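*Asks:* In case you want the letters, here they are:
There are 2 protein chains.
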Amino acid sequence: MKIAMFLIDNDAESLSFSSSDLDRLCLALPTAEIEQYESESAFRNHGAGADIALTWHFETSWYEGFPQLKTIYTPAAGRDWVAPDPNGNVNVVHGTFHGPILAESLLGALLFMNHRMPAMIQNHRNREWDRNLQTGTRLLAEQTVLIIGLGHIGNYCADMLAPLVKKIVGVRRTSIDATTYTVNDLPQLLPDADHVVMLLPGTDETDRFMNAERLSLMKEGSFIYNFGRGNSLVAQDLLPVMTHLGGAFLDVTEEEPLPRTSLLWEHEKIFITPHSSCMYADYTSRYLDEVIQHLTRS
Amino acid sequence: MKIAMFLIDNDAESLSFSSSDLDRLCLALPTAEIEQYESESAFRNHGAGADIALTWHFETSWYEGFPQLKTIYTPAAGRDWVAPDPNGNVNVVHGTFHGPILAESLLGALLFMNHRMPAMIQNHRNREWDRNLQTGTRLLAEQTVLIIGLGHIGNYCADMLAPLVKKIVGVRRTSIDATTYTVNDLPQLLPDADHVVMLLPGTDETDRFMNAERLSLMKEGSFIYNFGRGNSLVAQDLLPVMTHLGGAFLDVTEEEPLPRTSLLWEHEKIFITPHSSCMYADYTSRYLDEVIQHLTRS
Numbered sequence: 012m013k014i015a016m017f018l019i020d021n022d023a024e025s026l027s028f029s030s031s032d033l034d035r036l037c038l039a040l041p042t043a044e045i046e047q048y049e050s051e052s053a054f055r056n057h058g059a060g061a062d063i064a065l066t067w068h069f070e071t072s073w074y075e076g077f078p079q080l081k082t083i084y085t086p087a088a089g090r091d092w093v094a095p096d097p098n099g100n101v102n103v104v105h106g107t108f109h110g111p112i113l114a115e116s117l118l119g120a121l122l123f124m125n126h127r128m129p130a131m132i133q134n135h136r137n138r139e140w141d142r143n144l145q146t147g148t149r150l151l152a153e154q155t156v157l158i159i160g161l162g163h164i165g166n167y168c169a170d171m172l173a174p175l176v177k178k179i180v181g182v183r184r185t186s187i188d189a190t191t192y193t194v195n196d197l198p199q200l201l202p203d204a205d206h207v208v209m210l211l212p213g214t215d216e217t218d219r220f221m222n223a224e225r226l227s228l229m230k231e232g233s234f235i236y237n238f239g240r241g242n243s244l245v246a247q248d249l250l251p252v253m254t255h256l257g258g259a260f261l262d263v264t265e266e267e268p269l270p271r272t273s274l275l276w277e278h279e280k281i282f283i284t285p286h287s288s289c290m291y292a293d294y295t296s297r298y299l300d301e302v303i304q305h306l307t308r309s
Numbered sequence: 012m013k014i015a016m017f018l019i020d021n022d023a024e025s026l027s028f029s030s031s032d033l034d035r036l037c038l039a040l041p042t043a044e045i046e047q048y049e050s051e052s053a054f055r056n057h058g059a060g061a062d063i064a065l066t067w068h069f070e071t072s073w074y075e076g077f078p079q080l081k082t083i084y085t086p087a088a089g090r091d092w093v094a095p096d097p098n099g100n101v102n103v104v105h106g107t108f109h110g111p112i113l114a115e116s117l118l119g120a121l122l123f124m125n126h127r128m129p130a131m132i133q134n135h136r137n138r139e140w141d142r143n144l145q146t147g148t149r150l151l152a153e154q155t156v157l158i159i160g161l162g163h164i165g166n167y168c169a170d171m172l173a174p175l176v177k178k179i180v181g182v183r184r185t186s187i188d189a190t191t192y193t194v195n196d197l198p199q200l201l202p203d204a205d206h207v208v209m210l211l212p213g214t215d216e217t218d219r220f221m222n223a224e225r226l227s228l229m230k231e232g233s234f235i236y237n238f239g240r241g242n243s244l245v246a247q248d249l250l251p252v253m254t255h256l257g258g259a260f261l262d263v264t265e266e267e268p269l270p271r272t273s274l275l276w277e278h279e280k281i282f283i284t285p286h287s288s289c290m291y292a293d294y295t296s297r298y299l300d301e302v303i304q305h306l307t308r309s
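Protein chains in written order, with the working numbering: chain L, 12 to 309; chain X, 12 to 309.
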C-alpha cells in the first residue's frame with residue numbers, strides 16, 4: 012500500500028502535518044510506503060502510484076495522474092477543496108472530528124459577544140474603568156440560540172451548548188421528522204433568537220443565504236455568528252442592519268483573506284477572526300486518529 | 012415592617028436598583044413600608060426606623076442610628092462592605108445567587124485566553140489575516156483547571172466547567188475530607204494546571220496570596236485569572252513571570268479603578284476588565300428573588 016501525503020496549508024501551521032504526525036502514521040501502518048510531499052507538483056509527479064492520498068486539495072484533472080488511487084482522506088469537513096472522481100472509482104473520506112474543536116470556538120465567540128467584548132476591548136485599550144458597558148448583558152442561560160445548518164458539526168455544537176443556554180433551535184435543509192425545523196421556518200424563528208449561528212457549507216445553494224430580508228427579521232440587539240462559509244452571509248447587507256443588531260462575529264468572509272479595505276474591519280460591533288475556528292494544536296492528530304482507525308479496522 | 016433600601020452603586024448601573032425592582036418588591040410585600048434612598052445621608056437620616064435594610068454598604072458606626080434593625084440583606088457575596096453589628100443583634104444576609112453569573116464570565120474568560128484573544132485583537136486592529144496566532148491552542152476539553160477558593164461561587168464554577176474540561180481541581184482553605192485539596196497542596200497542583208482561577212475573598216489572610224514564589228510554580232504557557240479580590244494577586248510579582256505564562260485575565264486589581272499609569276494595562280498578554288464579572292442585567296432581579304423568598308417564607 013502506497014500512501015501519498017500532501018498536507019500543507021501555507022497559511023496555517025496547525026492545518027499542516029508535522030514530522031511527529033508522519034512518525035505516528037508510519038508506526039501505525041508499518042507495511043505501508045508513506046511519502047510526504049512539500050508541493051503540489053511533487054505530489055502530482057511522484058505520488059502517481061499511490062493507493063491512498065492524504066490531502067487538503069485534489070482537482071478533477073489530477074485523477075488521471077493517479078491510476079491506482081482508491082481513497083482520498085481529507086481533513087476538511089467542507090466539500091470545497093476535493094473534487095469528486097469523474098470516473099467514480101475513488102472514495103473521498105472527509106474528516107468528522109471537527110465537532111469538539113469548532114464547538115469550543117463557537118462557545119468562546121458566543122460569550123465574547125454576550126459580554127460586549129468589542130466594546131470592552133476599546134475600554135481596555137483606552138485604560139478606562141467603565142463598569143457600565145456590560146449593563147445590558149443577559150445570562151446565556153436565559154437566551155435562545157438558533158443554529159442554521161444542523162449537520163455533524165452543528166449537532167455537536169447544539170449538544171455542547173444545550174446545558175448552557177435556555178433553548179437551542181436547529182434548522183436543517185430538509186425535515187427529518189415533524190419536530191425538525193427547516194429554512195421555511197426561519198421567518199418565525201429569527202425574531203425569537205438572541206444568537207444566530209451560521210454553519211452552512213459553501214455551495215451554490217447557500218450563496219447569499221443570509222441576505223437583507225432575513226437579517227432584518229433578527230431580534231433587536233441579537234448577535235450573528237458565521238462559522239460556516241463566507242458565501243452564505245452578504246456583507247453589504249450586514250452593515251446596514253448593524254444599528255439594529257447587537258453585533259457580529261465573523262470567522263469566515265465572502266473574500267478570504269478579507270481585504271484590508273473592507274468596511275467590516277472597522278465596524279465597532281463586528282469582530283473578525285481569520286477562518287481560524289479550527290486552529291488548534293490538536294487538529295492534525297484528531298484527523299490522524301480517524302485515518303488510522305479507518306485504515307486499520309479491516 | 013419598615014424596609015430601608017440604599018442600593019446605589021455609583022459606578023455600575025447593573026448593581027443599582029431600578030424602579031421596576033422597587034415595584035416588584037412592593038408587590039411581593041404589600042404590607043411593608045418600603046423606602047428607597049438615593050444617598051448615604053438620606054438612608055442614615057430617614058431610614059433610622061427600619062427593621063430591614065437592603066444595602067451594599069453598612070459601617071460599624073451606622074448601627075447605633077438603626078435601633079430597630081434586625082436584618083441587612085446585601086447583594087454582595089464578599090464580606091468587604093457590610094461591617095458586622097458590634098452588638099450582635101443584626102443578622103447580615105449575603106447574596107448567594109452569584110454562581111451562575113460569575114461562572115459565565117469565567118467561562119468566557121477561559122475561552123478568551125485559550126483562544127489567544129489578546130493577540131487576535133491586535134491582529135484585528137491591524138486588519139491582519141494571520142491564521143497562525145492560535146496554532147498552540149489546545150482544546151479546553153484536554154486541559155486542567157485549578158480553582159483556588161472553592162466556596163459557594165467556586166463550587167458553582169467547578170460544576171459548570173466540569174463537562175467542558177479534562178479535569179477540575181479545587182483548593183479550599185481547610186480540608187473537609189481526605190479528597191479535598193488545600194493551600195498546602197499548591198506546590199504539587201500549580202505545576203500541573205493549564206488554567207489557574209483565583210476566587211479568593213478580600214481578607215487579611217488572602218493578602219498577597221499569589222506571590223512570586225507561587226506564580227513561579229505555574230506551568231509554562233498556563234493562564235491565570237483573578238475573579239476574587241485584587242489584594243490576593245501581587246501585580247508587581249505578576250509582571251516578571253509573564254514571559255513564562257500564557258497570559259493573565261484580571262477582573263480585579265489591587266487598586267480599583269486600576270490607575271491609568273499601571274503597567275498592567277499595556278502588557279500584551281494581560282487583559283483587564285473593570286471588576287465587571289457580575290455586570291449582568293439580571294443581577295438585581297436575582298438578588299430580589301432571594302430577598303423576597305427569605306422575607307415571605309415564614
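Worth flagging that the hints you see were computed from the coordinates, not collected in a lab.
Treat the hints with care, as some may be off.
All copies of an identical chain are treated as equivalent in the list; a pair is satisfied when it fits inside any one copy or across any two copies.
Claimed, not checked - Computed list of lysine to aspartate or glutamate pairs in EDC-like fashion (alpha-carbon distance at most 20 Å, straight line): (1) Lys177 / Asp300; (2) Lys177 / Asp293; (3) Lys13 / Asp141; (4) Lys177 / Asp188; (5) Lys280 / Glu139; (6) Lys230 / Asp91; (7) Lys178 / Glu265; (8) Lys280 / Glu216; (9) Lys81 / Glu46; (10) Lys280 / Asp34; (11) Lys178 / Asp34; (12) Lys13 / Asp32; (13) Lys178 / Glu153; (14) Lys230 / Asp22.
These numbers come from a predicted model, not from an experiment.
*Asks:* Compare the structure with each hint and give your call.
*Replies:* We went through each hint and held it up to the structure:
In this assembly of identical chains, Lys177 and Asp300 lie within 20 Å of each other by CA distance solely across copies; the values are 19 Å between and 34 Å within a copy. When the C-alpha separation of Lys177 and Asp293 is checked against a cutoff of 20 Å, the pair qualifies only between copies, where the shortest distance is 14 Å, while the shortest distance within a copy is 30 Å. In the homo-oligomer, the alpha carbons of Lys13 and Asp141 never lie at most 20 Å apart, since the shortest distance is 62 Å inside one protomer and 35 Å across protomers. Proximity of Lys177 and Asp188 under a CA criterion of 20 Å is satisfied in neither setting, with 23 Å inside one chain copy and 35 Å between copies.
With identical chains, the CA atoms of Lys280 and Glu139 are at most 20 Å apart both within one copy (18 Å) and between copies (18 Å). For the identical chains of this complex, Lys230 and Asp91 are neighbours neither inside a copy (32 Å) nor across copies (40 Å), given an alpha-carbon limit of 20 Å. Proximity of Lys178 and Glu265 under a CA criterion of 20 Å is satisfied in neither setting, with 30 Å inside one chain copy and 39 Å between copies. For the homomeric pair Lys280 and Glu216, neither the shortest alpha-carbon distance inside one copy (28 Å) nor that between copies (42 Å) is at most 20 Å.
Within a single copy, Lys81 and Glu46 get their C-alpha atoms as close as 16 Å, which meets the 20 Å cut-off; across copies the closest is 80 Å, which misses it. Neither within a single protomer nor between protomers do Lys280 and Asp34 lie at most 20 Å apart by alpha-carbon distance, with minima of 45 Å and 34 Å respectively. For the homomeric pair Lys178 and Asp34, neither the shortest alpha-carbon distance inside one copy (45 Å) nor that between copies (29 Å) is at most 20 Å. For the identical chains of this complex, Lys13 and Asp32 are intra-copy neighbours only, at 17 Å inside a copy versus 71 Å across copies, given an alpha-carbon limit of 20 Å.
In this assembly of identical chains, Lys178 and Glu153 lie within 20 Å of each other by CA distance solely inside one copy; the values are 8 Å within and 27 Å between copies. Taking identical chains as interchangeable, the C-alpha atoms of Lys230 and Asp22 are never at most 20 Å apart, the minima being 36 Å within one chain and 29 Å between chains.
Taken one by one, the earlier hints fail for this structure at numbers 3, 4, 6, 7, 8, 10, 11 and 14, listed in ascending order.
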